[in-house]
Structures are given as C-alpha cells and as structure tokens.
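Student: So you can see what is in the structure, the chains are spelled out below.
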Amino acid sequence: MLNIDNLYAKIDKKAILNGLSLKIKPGEVHAVMGPNGSGKSTLANILSGKQGYEISGNVSYENKNLFDLAIEERAHKGLFLAFQYPLEIPGVNTSNFLKTSLNAIRKSNGKKELDALEFLKIVKEKASKLKMDEKILNRQLNVGFSGGEKKKNEILQMSLIEPKMAILDETDSGLDIDALKIVANGVNTLRNKERSFLIITHYQRLLDYIKPDFVHVLMKGKIAKSGCMELAEELEKVGYEKL
Amino acid sequence: MREKELEKLKEYKYGFSTDIESIKAPKGLNEEVIKFISNIKNEPKWLLDWRLKAYERLKILKEPDWQKPKYPKIDYQNLYYYSAPKSFKEKPKNLDDLDPKLLETYKKLGIPLQEQKRLNNIAVDAVFDSVSVATTFKEKLTEKGIIFCSISEAIQKHPDLVKRYLGSVIPITDHYFATLNSAVFTDGSFVYIPEGVRCPMELSTYFRINASDTGQFERTLIIADKGSYVSYLEGCTAPMRDENQLHAANVELIALDDAEIKYSTVQNWYPGDKDGKGGIYNFVTKRGLCKGKNSKISWTQVETGSAITWKYPSCILKGDNSSGEFYSIAITNNHQKADTGTKMIHLGKNTKSKIISKGISAGFADNTYRGLVDISRNANNSRNYTQCDSLLIGNKCGAHTVPYIKNKNLFSNIEHEATTSKISDDQLFYCNQRGLNQEEAVSLIVNGFCKEVLQQLPMEFAVEAQKLVGISLEGSVG
Numbered sequence: 000m001l002n003i004d005n006l007y008a009k010i011d012k013k014a015i016l017n018g019l020s021l022k023i024k025p026g027e028v029h030a031v032m033g034p035n036g037s038g039k040s041t042l043a044n045i046l047s048g049k050q051g052y053e054i055s056g057n058v059s060y061e062n063k064n065l066f067d068l069a070i071e072e073r074a075h076k077g078l079f080l081a082f083q084y085p086l087e088i089p090g091v092n093t094s095n096f097l098k099t100s101l102n103a104i105r106k107s108n109g110k111k112e113l114d115a116l117e118f119l120k121i122v123k124e125k126a127s128k129l130k131m132d133e134k135i136l137n138r139q140l141n142v143g144f145s146g147g148e149k150k151k152n153e154i155l156q157m158s159l160i161e162p163k164m165a166i167l168d169e170t171d172s173g174l175d176i177d178a179l180k181i182v183a184n185g186v187n188t189l190r191n192k193e194r195s196f197l198i199i200t201h202y203q204r205l206l207d208y209i210k211p212d213f214v215h216v217l218m219k220g221k222i223a224k225s226g227c228m229e230l231a232e233e234l235e236k237v238g239y240e241k242l
Numbered sequence: 000m001r002e003k004e005l006e007k008l009k010e011y012k013y014g015f016s017t018d019i020e021s022i023k024a025p026k027g028l029n030e031e032v033i034k035f036i037s038n039i040k041n042e043p044k045w046l047l048d049w050r051l052k053a054y055e056r057l058k059i060l061k062e063p064d065w066q067k068p069k070y071p072k073i074d075y076q077n078l079y080y081y082s083a084p085k086s087f088k089e090k091p092k093n094l095d096d097l098d099p100k101l102l103e104t105y106k107k108l109g110i111p112l113q114e115q116k117r118l119n120n121i122a123v124d125a126v127f128d129s130v131s132v133a134t135t136f137k138e139k140l141t142e143k144g145i146i147f148c149s150i151s152e153a154i155q156k157h158p159d160l161v162k163r164y165l166g167s168v169i170p171i172t173d174h175y176f177a178t179l180n181s182a183v184f185t186d187g188s189f190v191y192i193p194e195g196v197r198c199p200m201e202l203s204t205y206f207r208i209n210a211s212d213t214g215q216f217e218r219t220l221i222i223a224d225k226g227s228y229v230s231y232l233e234g235c236t237a238p239m240r241d242e243n244q245l246h247a248a249n250v251e252l253i254a255l256d257d258a259e260i261k262y263s264t265v266q267n268w269y270p271g272d273k274d275g276k277g278g279i280y281n282f283v284t285k286r287g288l289c290k291g292k293n294s295k296i297s298w299t300q301v302e303t304g305s306a307i308t309w310k311y312p313s314c315i316l317k318g319d320n321s322s323g324e325f326y327s328i329a330i331t332n333n334h335q336k337a338d339t340g341t342k343m344i345h346l347g348k349n350t351k352s353k354i355i356s357k358g359i360s361a362g363f364a365d366n367t368y369r370g371l372v373d374i375s376r377n378a379n380n381s382r383n384y385t386q387c388d389s390l391l392i393g394n395k396c397g398a399h400t401v402p403y404i405k406n407k408n409l410f411s412n413i414e415h416e417a418t419t420s421k422i423s424d425d426q427l428f429y430c431n432q433r434g435l436n437q438e439e440a441v442s443l444i445v446n447g448f449c450k451e452v453l454q455q456l457p458m459e460f461a462v463e464a465q466k467l468v469g470i471s472l473e474g475s476v477g
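So the protein lines, in turn, are chains A and E.
Using numbering that gives the first Met the number 0, the final residue of the first sequence is 242, and nothing's skipped along the way.
Using numbering that gives the first Met the number 0, the final residue of the second sequence is 477, and nothing's skipped along the way.
Wrong hints could be hidden among the right ones.
Unchecked claim - Beyond 10 Å from chain E on every Cβ pair, some chain A residues (computed):
# : residue
1 : I10
2 : E61
3 : N64
4 : E71
5 : F144
6 : K180
7 : C227
What the hints assert, rightly or not - With the C-beta cut set under 10 Å, the calculated list includes, among others, these residues of chain E facing chain A:
#  : residue
8  : E30
9  : D424
10 : Q426
11 : Y429
12 : N431
13 : N436
14 : I444
15 : N446
16 : F448
17 : K450
I should point out that these hints are in silico values taken from the structure, not numbers from a laboratory.
We put the beta carbon where it would ideally sit given N, CA and C, even for glycine.
Next comes chain A alone, as it looks inside the complex (with noise of 0.2 Å):
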C-alpha cells in the first residue's frame, strides 16, 4: 500500500526526518509515537502534500511514486489525511463541504455523485454513529465547533470518504475519554483487509482502543524502534527518554 524508503525532509533548512523508512501492507494498523519535535507531523503533512518542504528519498503508493499526484489525487485515490488542527472556513456550511468533497472524490472514481438527498441520508447516519448533533451538518465548517467537534468531524468525513489509506495526526489529543471511545470505535468500523491506517499519537491511550498491528517509535526524524502494543505499554511505563 505505502512504501516509505529512506525519506528525508528540510523546512527552512532544518532537518526533520533523517532516513524514514516504513512500510504499511493493505489492512494494516501501523501507529507511530515520538516525543514532541520528532517528526510526527511533518511525515503526515509530507505524505498528503503539503508544500513547503525540501524532500528527498522514495515514497510510493499503490506501486506509483507519491511525489507524482498532486494533493487533491492523492486524495482521489483513497489518501485521506484526518488533520490535527481542522480548518476553519467561515461561510462554507459544513454539509455542502462534506457533501463536495465526497463528490469530488467519487467523480474522479467513476463513481455516480449523490444528490442532496441522497447525500443527506447517508451523512446523518453516519453522524449518529459518532454521537455527533445533526445541528453541526448546517455550522459553518469548523467555525466556533469545540476541539472535540472539530476531530469528531474529521472522523465523519473519514467514514464519508472511506479511504484506502488513514492517517490520523494526533486525532486524540483534546478528546475527553467518551469522545475518545466514539473516534476509536469509527476507526475500528472501518478496519478491514483492504484498508489501512497510520496513527500517529502521544499516548498509549488511543491505542488501547484501536489494537494497532505495529508501533513504531519515531525519534529525531526516523524510527528507533518498532513492535507490536507492548512497545506502546513500555513507553507508557519508561517514557521515550529510557529509549
């Protein structure tokens, strides 16, 4: 699915990863942990293409090199990155966004765009799921929504979009414990053979949730070490430090 080989990234001539290399199969749960400043960010920014960073090294995605797709084809082809921090866009109701963006989406697939009423069933079933009030679907997108909304919505989309390949940038940090339940139990739903996902976190807290197949610790830039929950457990106990 993602074949990450020896990546290195600058932004403003600092380096932040040093010699990634990481490999996610399809149906994979890959989590990454590292302290603040490893890098964690960057390689979730650097793998939905965001600009501004001095790259080299491989990266490939479905045997095709990632560097050649553009943000919105990444995305196109089932790449979805759930953010850390969700933008605001004033003006933009949050159901018309969900709704374009799903059709975008679909449309580069092939796929029949739904109507309103189509879409509409689906995005408040999918909305009760994660416990969220159908109110928000006619907010401005992100505008004025608490932290924990903002993440919930993120995780909406993912359910909307159904991608191939999740990465989730810290999705936890600013959940309380019951929102924490509901955003694990979206990710869990959508586990399948097919489908991978790449979490990136803190703490072991999210991952007691969703049973990760690997963790890997990212340190200055690159993995130091890589196993399966118990690595998370041991982190928890030692902190990165002992490592």
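Place chain E on chain A using the hints.
Tutor: Then chain E, alone, in the frame of chain A:
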C-alpha cells in the same frame, strides 16, 4: 494539449462577436449626432430639447477624478454613439422577422428568444448595442396592465409616463457620465407596474455590446405604482476586444406608496485579458427613489466583469417608513479594478437601510468599497446597518473600504462593521486534501464568503451567479 484546451475554456466565453451590418451615427459627440439619434428614433420634440439641454450642461461639466481606479483619458470624439443592426431600420414586428444572426447570438449567450425555448417564467428584453431587439412574454404581462418594453417604444406609446418620470431621480444636471447618458442614451428597458399589481414573473434585460468603438448608453426606467411589486434582473456581456469600451448607463427606479422594487444585476462585461488589455469601462449611475411611504427598493449586484467597475446603486429614502437595501459582490481578478458601493440618503422618518458588501480581490486587482450613509435632520428614528467584508487571494491585490457616514439626527442609529480576510494556504491545503482542486476550493470558499448576497438573487439566477463567481476567479491561485 490538455493544458491548451483548458486555457481556452478559461477564456471569456462570451467573447465572440456577431458579424452583422450596422447603421451608425457619425463618429463623435455634437449636436448633430444627438439630433441624428433623436431623429432615427422618431422622438418627440420635448425629448430632443431635453437631450440638447443635457448636452449644453455637459459642456461645462468636468469628468470626475476622485475615484481610486485611474484610466487613460477617453476621447469622446472618437466614439460611435449609435449603432444598430441594419435590419432594424424598422423594428421587426415579431421574431420571425428578426435577423437569424441575432437570434443565433442570443442563443449562444444562453438567452433563447424564440417562443418554444423561452426561459421559464422570465420575461426578457434583449438589447443589442443601441437598440432593443425583442421582448418576450409581452401579452401575458399586458393582461395585468404591466408595461415592459424598450424605452424607445415607451417614448412612442406611453409618452406621459416617460415624460413625468424620466430624469426625476437622475436629473440632467447630475454628473458628467449621467449627463452624457441623458444627451445620447439610445435604448434600455421601461417597466411600469400598475397600482396593486404583483408582477407574476421576473423581468429581465440582457445587454450586449457588439460593435467596436461603440459606447453603450442605456437608460432604464422602472416605476412601481402604489402597492405593486416587481423583481427585475439585468445581465450583460460583450465581445473580447483590445480597446476599452465605455458603458455609461443610467437606471432610475421609482417606488410609490407601499411599492417594492427588487433590482438585481449580474454584470459580466468583458474584463480585459490577463495582462489588463481591453475590457469595458462600466461607469454606471443607478439610483432609486423611495417616493412613497412604506416603499422599498433593494439592489443586488454581482459584479464580476469589466476592466473598471465604477458605480454606486443608491436609494433616496424620501417616504416615511421606506427602506433601502444594497447587497453587493464585487470580484476583481488579474488587472481589474472596482470602486463600488452605495448611497443611502435618509430623508423620511423611520427609514431603514441595510448594506452588505463583499469585495473579492485576486491577482493584481484592486477593489474599493465606497459608500455614503446620510441621515438628514428630519429623518427621526432612522437606522442603517452596514457590513463590508473584503477577501484577498494572493499578495499582489488590494482591498479598500471608504465609508462616509453622516448622521444629523439625534434619534437615529448607524452601525458599521468591516472585516478583511485572506484565503490561507492551509485552508486550500485542507480542501485539496479532501479531493477539491485549487479552483474548486477557491470557488467553494468564495461562494461561502458571499452567500448572504447570493441568497438575495432570484432563484433562477442564483445558480448561474454561483458558477460565475467560480469562473471569474479561475487561475487566481497556484
């Protein structure tokens, strides 16, 4: 290859011109030309005298120069003031007599005039250069006593109404461009809604400049008699030409007691090429008079075209309890410039006005909101609310807000809010990540930004206007 095709698509799609023989007045501005226009239109003597009086006045007026967008001096002697298709020596009685080339032109513009293809429930008056070529749904309107025709026809058939109201809101002494229009105006629309009648359909005029070196000086007059209601919409396009063309229209609205006029504009004149060559100078005077008590005039404008847009659709709130509204979207891209806004003159008691202005600037463009709210001494308990929002795309464009606020009445209130924001790279990235390309993202964000104004448009046009908003900003990022 694909790039090239895309480039082509992005070009101004109304940029074609119709190859049609025309009758023109001799080039230049003088008494003879004015007499030529008046004569060819078979006008009564009072109107010729009125035009000549305006021309006398024009000689002593100076072109205003206080506006933000500057432009090279216009050579008024090098313009044609009248141009009409040759087949129009006599206005065709019905569409079968109309030159097929003209029918074809309007078809291309998406304004079918033929019976079977007419826009549903919208009566259209089509103006080509200096003359009105056709008005649809006339019979249906006549049943209700509504008059909707070209102003030339109104001058012949309803001279009393024209004489009473023409120039009553924009006098011939007004200002340079308005006075120029009074001297040389050629055609435009005339609407009269009788007492107590609610006009059953949208009335619409479609203006098209075709001939080169031609100014279009249209004149529109709308009168809503007591207790009546009308919604009117104008649309405009012009061919792509390298030179700048002048469009100096006058629009007068009169609302009597308890009457309401809703006037919407979707202005898409040729904006010039991406380097700022060519395009229309859209210097228009639009003014509405809320003459009667409880009357209401509402202006909605979506200004996306023209090299320079310079206009202030205004309301004179004379009748007690009358209200005025101004909803505006002005989009400038590439090298376009706009200096637009409104004037709300509160004269009567308990008068209300509301101004919602959305300015969007991209490329190297410059966008100014300029507006006046003037509450006079006797206008007790009057209120104004103004909201001016500017949105910038990129870092080479400009947005300016110049509100003039005069309150001479202790019991009246004025509120003014203004914001300036920018589409951020992060917002675009977020939209891109959700599958929208750069242009779809900009269109979505900008449509969200101007939603309040788009909602004011008649439903039939709102969708078109939304698309237009997207199209006019194509190529503005990335």
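Student: Of the hints given before, which are not true for this structure?
Tutor: 4 and 8
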